[in-house]
Structures are given as C-alpha cells and as structure tokens.
Amino acid sequence: MRTRPTLSILTAALALCALIGASSPAALAIDAVDPAADAKAFRDFFVKKFPQVKFEDFVNGPYSMNEDMRKQWKDKEQFPPYEFALEAGKEMFSKPFKNGKHYADCFENGGIGVRQTYPTFDEKEGQVITLELALNRCREVNGEQPYSYVKDEMAQLTAYMAFTSRGKPFDIKIPNDPRALEAYENGKRYFYTRRGQLNFSCASCHVQNPGERIRAEVLAPAFGILNAMPIYRSEWSGMGTTSRRFTTCNSQIRGVPLEPQSLEYRDLEYYLSYVSNGLPISGPGARP
Amino acid sequence: MASTIRVRAILNGDITDVQTLIQHPMDTGLVKDAKGEIIPARYIQQLSFEHNGKAVFLADWGTAVSKDPYVKFAFKGAAKGDELKVSWVDNLGATDSLTAKIQ
Amino acid sequence: MSVVMKNFTFAVIMLAGSVGPSLAASEADFKAAFAAADAAEKEGGRLRNQWTTTEAALSTAKKAAETGNFDQALRSAQEAEALAKASIVQATSEQQRWKDMEIH
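If you're matching them up, the sequences are chains A, B and C in order. Residue numbering for the first sequence follows the numbering used here, beginning at 1 and increasing consecutively. Residue numbering for the second sequence follows the numbering used here, beginning at 1001 and increasing consecutively. Residue numbering for the third sequence follows the numbering used here, beginning at 2001 and increasing consecutively.
No lab work stands behind these hints: they were computed from the structure. Be aware that a few hints might be false.
Unchecked claim - Just so you have them, the derived chain A footprint on chain C, three or more residues with Cβ under 8 Å:
1) 2046-2052
2) 2082-2095
Claimed, not checked - Here are the simulated lysine-lysine pairs, PhoX-like style, with alpha carbons at most 20 Å apart:
3) Lys40/A - Lys173/A
4) Lys1072/B - Lys74/A
5) Lys1067/B - Lys151/A
6) Lys71/A - Lys1072/B
7) Lys71/A - Lys54/A
8) Lys1101/B - Lys1072/B
9) Lys151/A - Lys1032/B
10) Lys1076/B - Lys1054/B
11) Lys1035/B - Lys151/A
12) Lys168/A - Lys90/A
13) Lys76/A - Lys1072/B
14) Lys2099/C - Lys40/A
15) Lys1101/B - Lys1076/B
16) Lys1101/B - Lys1085/B
17) Lys1067/B - Lys76/A
To be verified - Quick list of the computed label-pair ranges, beta carbon to beta carbon:
18) Glu182/A - Leu1098/B: 53 to 59 Å
19) Lys2042/C - Glu235/A: 28 to 34 Å
20) His102/A - Ala1002/B: 18 to 24 Å
21) Lys2063/C - Phe1075/B: 55 to 61 Å
22) Lys1072/B - Gly110/A: 33 to 39 Å
23) Asp1014/B - Asp171/A: 44 to 50 Å
24) Asp2100/C - Lys54/A: 27 to 33 Å
25) Asp1033/B - Lys2031/C: 35 to 41 Å
26) Gln72/A - Glu2043/C: 42 to 48 Å
This one's a predicted model, so the numbers in the text were calculated from it and none came from an experiment. Virtual Cβ for every residue (Gly too), placed ideally from N, Cα, C.
Let's have the full structure, built from the sequences with the hints guiding it.
What follows is the structure, given as structure tokens:
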C-alpha cells in the first residue's frame, strides 16, 4: 500500500476534534433558548452597525447598503421584472382546482394578506410549515400535482400572496412548545454553522459582511433578508423562491444542497423570519 | 391576448421620459433544454418607438439582450396627450405593438 | 477565524494539491480507495454536510476507472476521501464552534 503522508494530518485533526468533546450535540436545555432575546440582539446588532439605514429599509437588501444600486433599483421598480410573475400568480390563485375548490379555501382570510405569518409551527404535526409547503399541501389535498418548490408556478403564487401582504410586518409566532423551540434553535444553529468547502456560514456573508462585495455582488444584511421573497433575480433571468436561494447558496460555497423544503431549510426559514419580526413584507422583490 | 409591451411615457417640462418592459424570452439559441435539445433562437431584432410618425428611438438587437427587456430613454418635442407607438419584430418574424398616450 | 479552523482549512488546501508517489495503480487499488471514499462521503451525508467538490472527485475517479486509467482514478478517489473526511471534521467541529459566530 502506498504511503499517504498528507492524510495523517487529517486523521490527527479528526482525533483532536473528537477529544475536544464534539461528540453528540448537547441535549437542548429548553430554558436556555430565548428567541425574544435573540431577536432583540439581532435587531440591535444591525441597527447599530448601520445607523444611516432607516429601519424598514433593511428589507431592501443590497439596495439599503449601496446608493448607486438603490438608484437603479428604484428606476426599475416602476416596471419591475417580477410584474409578469405577479400577474400570472394572481390569475393562478383565483383559478379553481379540478374539484371546484380554491387556494383560498386552504388559508385564513382566503390567503389574502397572510404571508407575514409564515412559516408557522404546526403543533399537531410538530414541524415548521412554510408558505410553499402549505400551498403544495393545498394542491395535493384537492387532487392536484404538487409544484416544484424552487421556481415557476410556486414562485408566481407566492409572489401574489406576498404582494397582498406588502407593508405588513413579519409576525412569526413560536408557541410555548419544546418542539417549536427546538425547530427555532435548529434554524439558528444552521444559520451560524460553517459548511461547504469554502467554509462559510450564512453569517459569514450576511452578518459579518453586509454592504461588502463578494466578487461582483453587494451582500445583503441578514436582518430582513427574507422579506422580499420570492425574488426576480437577474442572475436567474427569472423568479425564485426561498428554496431556490437556499439551495443555490449552498452550491456556491461548494456544499451539496439539501432537498428544497427539507427540515433544516424550513427551520432556517423559521429562525430568519422570526428574528426579522417587525420588518415589513416587501415581496415580490427584484435583485441583481 | 394581452400585449407583451408595457409602456409609460411622462412629460417633464419639454422632455418625455419613456420606460418600457417587454415580455419576450430572448432565447439565444445556445441553451439546451432538459432533454438536451437546443432551444431555438427567438429574440427581438428591431424595436422602435414612434412619435407623430417619426422614430424617436430605434434599436437593433441581438442575442446579448436578456429575457424580458427593460428600456428607458428620454426625448424632446412631444406634448401631453400625444401618441407613442412601440413596436418590435423578432428573428422569427413575430411582432407586437402598442400605442400609449404621453401623460 | 479560530486557530482550529485555520489549521483545518490549511490542511484541506494542502490536500487539494497532494499527489502520492508514482507507481502504476491497479484496479484493486482503485476499488479499495473508492470504497473508502464512498464510505466517508456517505458519513458526510449522514451528517448532512457533503461538499460538491467531493462529489466531483468521486465522479472523476469513476470515469477514469471506466477508461482504464487507474492512476488517475486512484488519485481522484484518494482526493475524494480526503475531501469527504474534511467535511466530516467540519461538521463535527461546527457542532460546537457555530456559537462563536452567534450574535449576542
């Protein structure tokens, strides 16, 4: 067998890490999880770091960080690139299923002005339900095929639903249920965990470097980062949902993406939405 | 069928500011679909804006313009209520046009 | 970046360019190396932390083996195993280290 000297560095590192005690994750001490305190700390961090940014403006991502980009964006918002998807979404939303029922039958208030309450924690099922998951469930329960979570029809539908909630502040609830707290904590942990060969966490870009450039892009702050979803990204030449962004971001840092709407992603969306409570929904949005 | 063209023309003093969003795939003919087959080229070649029968903006496009193009420009010499006609022709011979009033 | 992370990242960068001594590799060598790489990548999958570059190296190894180029196939399989193991170290270490980044 040939020698592999460089691999011994790795096995040594592995052994070292095992010794440091990173075995099974510590049992979750529920009393230690304080989402309200987290949210306040999160908000204070960004408000303090960017005193010139108006509170509601955080939802505009890179445009709140860069004046030139903001000017171009304001121009385009008069004829926004998501306009076609928004119109298609409105049409789709009002069209009945084959069985005569509507999307409106699956949601509070007929699905109008409710986007800011998603994701929710379903206590019956013990898991986080995102808007996209709720929409596909609505379809399946009414005998229709589910849509891809990433773009096209799903993005059109959520564009319309987001539009009906424009201006309403994120209002995510965490019920007093240890499973909900665990989902929240899981999402928080995902957000801060480094992954991919490039060893980035979500925080590496969106907490440590908002306003800075990564290659040609200006980074958005994590505070309010989901408020503009779904978005028309020029990079995609089309619409994309939160799932599209999570999966493509993973690939960009050389991490194999998880399945759209997998547990980790839903918990991540739950965490990110909760800590942005109070910021207005601005979707559908346009991004470079 | 709804028009592919959205246009807004607003008079500010003696300058008319025009913005347009056109729904068009602008396929380059270089992209393959999920089955591995080339999606044929389909892109706007000519775009024109006419005011009082005279062209105020002409564009000769190729495949470098992205999907759903957005155009913004300004011109002089129009009055409120005048008509602005927007037309495009693509490489397959398809066309669309829309006439809007300058506000 | 913490010292552990810096060292670990350094190790990965070194590994990315590592080449073993030149001996003609046999199919058996490749198969053993591939099995080890595959097992490590599956463990990375269990930890929900795989790297795209690991998958690419595994794919390169398989393709090279198919054309009989076992030297390349072995090199790629070894690289894949190193990358997979690094992703495991990352996942394991991050179970605690993520807190370093947390806003308080």
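Structure-based check of each hint:
1. 2046-2052: holds (count 5)
2. 2082-2095: Our answer is that it holds, as 13 residues pass the Cβ test (under 8 Å) against chain A, meeting three.
3. Lys40/A - Lys173/A: 15 Å, holds
4. Lys1072/B - Lys74/A: 13 Å, holds
5. Lys1067/B - Lys151/A: Since the Cα atoms of Lys1067/B and Lys151/A sit roughly 16 Å apart, the hinted pair holds (cutoff 20 Å).
6. Lys71/A - Lys1072/B: Roughly 14 Å separates the two Cα atoms, so the pair holds.
7. Lys71/A - Lys54/A: Holds. Lys71/A to Lys54/A sits at ~16 Å (cutoff 20 Å).
8. Lys1101/B - Lys1072/B: Holds, at roughly 16 Å.
9. Lys151/A - Lys1032/B: The given pair, whose Cα atoms are some 18 Å apart, holds under the 20 Å limit.
10. Lys1076/B - Lys1054/B: 12 Å, holds
11. Lys1035/B - Lys151/A: It holds: about 19 Å lies between the C-alpha atoms, which stays within 20 Å.
12. Lys168/A - Lys90/A: With Cα atoms ~19 Å apart, Lys168/A and Lys90/A stay inside 20 Å; holds.
13. Lys76/A - Lys1072/B: Status holds; Cα separation ~9 Å.
14. Lys2099/C - Lys40/A: 17 Å, holds
15. Lys1101/B - Lys1076/B: 15 Å, holds
16. Lys1101/B - Lys1085/B: 9 Å, holds
17. Lys1067/B - Lys76/A: Within the cut-off at roughly 15 Å; holds.
18. Glu182/A - Leu1098/B: 53 to 59 Å: With a Cβ separation near 55 Å, Glu182/A and Leu1098/B satisfy 53 to 59 Å, so the hint holds.
19. Lys2042/C - Glu235/A: 28 to 34 Å: 33 Å, holds
20. His102/A - Ala1002/B: 18 to 24 Å: 23 Å, holds
21. Lys2063/C - Phe1075/B: 55 to 61 Å: 58 Å, holds
22. Lys1072/B - Gly110/A: 33 to 39 Å: 37 Å, holds
23. Asp1014/B - Asp171/A: 44 to 50 Å: Since the Cβ atoms of Asp1014/B and Asp171/A sit about 49 Å apart, the hinted range of 44 to 50 Å holds.
24. Asp2100/C - Lys54/A: 27 to 33 Å: 31 Å, holds
25. Asp1033/B - Lys2031/C: 35 to 41 Å: 37 Å, holds
26. Gln72/A - Glu2043/C: 42 to 48 Å: 47 Å, holds
Figure legend: structure checked against the earlier numbered hints; every hint is met.
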